[in-house]
Amino acid sequence: MNPIVGIGELLWDVYPDGRKVAGGAPFNFAFHCHQLGHPAVIVSRVGNDDLGRELRERVRELGLSDEYIQTDRKLPTGTVQVTVDNAGQPSYRIVEKVAWDSIEWNNVLADVIRRAAALCHGTLGFRNKVSRQTILKAAGLKSRRGSNPGLVVFDVNIRGEKHGPGRRDWDAFEQSVVNSHWAKMNENEDGLIAMCIDHMMDDDPWPRTTEGMFKYLRHFTKLEDRLWIVTRGADGAELTSETIRHHESGVPAKVVDTVGAGDSFTAAMVCLHLEGRPLRECAQFAVHYAARVCEQPGGTPRIDRKEVERAVFGVK
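For reference, each letter of the sequence shown is one residue, going 49 to 364 in our numbering.
Calculated directly from the structure, the hints in this document are not laboratory data. Note that the structure is predicted; figures quoted are calculated from it, not measured. Take the hints with a grain of salt, since some may be wrong.
Unchecked claim - Under the rule of at most 35 Å between Cα atoms (straight-line distance), these lysine-lysine pairs were calculated in the DSBU-like manner:
id: 1; residue 1: 302; residue 2: 68
id: 2; residue 1: 122; residue 2: 185
id: 3; residue 1: 68; residue 2: 122
id: 4; residue 1: 145; residue 2: 122
id: 5; residue 1: 68; residue 2: 145
id: 6; residue 1: 122; residue 2: 177
id: 7; residue 1: 68; residue 2: 354
Just need the whole structure built from these sequences, with the hints factored in.
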């Protein structure tokens, strides 16, 4: 099988008790794809420091290759200070000017992108010009208009207002919307897509509903097979496309924290889709899988796929 690629931030999530957990949305995504049985790689950059060497080692311990993790000789390895409230909802203080801000395009990266079955990226990597250009080039290569098309997933992961496109780069955000086959966000992030459409429409009025968003994204992207996914936490997820309008109900979970829940949902959707499952089954599995992730701390807990399949599909 060709690899599934996550490109963007790779960092240490640092908790108040001093725990360090390897994280970053693209890395969490790649880890869960690997855990679900697919070849997966993370494309990112770490510093030439102890944190970077420890992070490489942790990536390998979790079963992924560090072949596509670049080393920066000047910038430090990325870190994020994570706090979790009583409801398990995380908040983040993201250190800037770190190694993953400067992911460079090179022949090694170009080769794995060309071979990829799917590519997933978010928005946080757009905050610096170097990584932004690299991510957009990779997504453009895999898009319908690119020379090596594959599934492109734009996972909108806004981490506070200062990391949104209003402060960074609307053009990159819009280009990602246009290039992607799937656009996925949570219920707090779909407002960013509405703002994007406002920008495209020069603030002309349009129906501000999920169906309205889909209609106008369809108009701008010209992609007939676009899938629009909105996750709604305990209330499940909504899927919208030309051929499907589906709400997948949430499942009970004893939430410890929700770090990585959205990334694991995306990974499950992509993996089962590549296996040929109908989208409704993909969503059903993804909701259950993400719920299991929420029951353990951190974004990369060990989850037994077969146990989830038994719960969802009755597979022995």
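Checked hints:
A threshold of 35 Å between alpha carbons decides the hint, and for residue 302 with residue 68 the separation of about 23 Å falls inside it, so the pair holds. Pair hint residue 122 plus residue 185 holds up; C-alpha atoms about 24 Å apart against a cutoff of 35 Å. In summary, the hint linking residue 68 to residue 122 is supported, as the alpha carbons are separated by about 22 Å, within the 35 Å threshold. Proximity of residue 145 to residue 122 is assessed by CA-CA distance (about 10 Å); at most 35 Å being required, the pair is judged to hold.
Using a Cα cut-off of 35 Å, the hinted pair residue 68 and residue 145 holds, with the two alpha carbons roughly 20 Å apart. For the proposed pair residue 122 and residue 177, the alpha carbon gap of about 16 Å is at most 35 Å, so the pair holds. This hinted pair checks out: residue 68 and residue 354 have alpha carbons roughly 28 Å apart, not beyond 35 Å.
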